[in-house]
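A.B. asks: Under this note's numbering, the residues of the sequence shown are numbered -18 to 169, in order.
If you're looking for bench data, these hints aren't it; they were derived computationally from the structure.
Since the model is a prediction, treat every value here as computed from it, not as a measurement.
Glycine included, each C-beta is placed from N, C-alpha and C at the ideal position.
Any given hint could turn out to be false.
Just the calculated beta-carbon pair ranges, DEER-fashion [said to hold, decoys possible]:
(1) Ala71 - Leu144: 19 to 27 Å
(2) Glu151 - Asp7: 23 to 31 Å
(3) Asn66 - Arg139: 25 to 33 Å
(4) Asn66 - Thr29: 19 to 27 Å
(5) His149 - Gly27: 16 to 24 Å
(6) Pro122 - Ala54: 35 to 43 Å
(7) His12 - Arg139: 17 to 25 Å
(8) Ile132 - Leu26: 36 to 44 Å
(9) Asp121 - Thr29: 53 to 61 Å
(10) Gly104 - Pro124: 20 to 28 Å
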Amino acid sequence: MADDELRRRDGRSTETRERINDVALDLFIRHGFSGTTLQHIADELGLTKAAIYHHHRSKNALVRSLVQPAIDAVDAFFARAEAENLSPQALLEGFFDLNFAHRRIFVALTADPGGLASADAQGWVTRLAVSAQQRLVGSDPSPDQRIRAVIAVNGLSRCATLLTDIDHDELRRRTVAAALELVAGADA
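Could you put together the complete structure from these sequences and hints?
C.D. replies: See the structure below:
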């Protein structure tokens, strides 16, 4: 009996945490990380601020819980890309898929990059850019190659997260093709 009650309570706790995270992300997208307080989140959910603190010890901890899964997924992908020596096409397709899967948090971070600071992840974007550049154009690229790689990766990311009115498969195909064309032009 006590085990059943504990499982129900744990399930409700997990469900409440997921609701908090979902509503917080919606508010971060609409108002930015700096424009959203824990009280706003609590009010939106009809909870007390203490209930939010029960699940997240601070606003930064809440932001980190939202941002970290995306960071971990991208880092793991680039480690795999390195280990498996993925082709530029496979790299861009995988990166598109990651951006699409985590598009809500990336939209929030695009609107208010302060979320990375809140999550103690400011250096992540630079690390990501260097990893992508090296995978696409090598470790000693020309300035033109670097520029094209950065535009290709950032453009692909924005397409995957912002162009929600285009069918996923069509968007992926067209975006990856455009990014590959841009990177290939780096040799010209």
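A.B. asks: Does each hint hold? Answer for all of them.
C.D. replies: Hint check:
A C-beta distance of roughly 22 Å is found between Ala71 and Leu144, which places it inside the suggested range of 19 to 27 Å. Checked against the hint of 23 to 31 Å, the C-beta distance between Glu151 and Asp7 comes to roughly 27 Å, which is consistent with it. At roughly 27 Å, the beta-carbon separation of Asn66 and Arg139 lies within the given 25 to 33 Å, and the hint holds. Range check, Asn66 to Thr29: about 52 Å between beta-carbon atoms, so the 19 to 27 Å window is missed.
Distance hint check for His149 and Gly27: the Cβ-Cβ separation is about 34 Å, which falls outside the suggested range of 16 to 24 Å. Distance hint check: the CB atoms of Pro122 and Ala54 are about 26 Å apart, inconsistent with the given range 35 to 43 Å. The hinted window of 17 to 25 Å between His12 and Arg139 holds, with their beta carbons roughly 21 Å apart. Between Ile132 and Leu26 the beta carbon distance is about 40 Å. The supplied range of 36 to 44 Å therefore holds.
Remark: the range hint 53 to 61 Å for Asp121 to Thr29 is upheld by a beta-carbon distance near 56 Å. Against the hinted window of 20 to 28 Å, the Cβ-Cβ separation of Gly104 and Pro124 comes to about 23 Å, which satisfies the hint.
In summary, the numbered hints that this structure violates are 4, 5 and 6.
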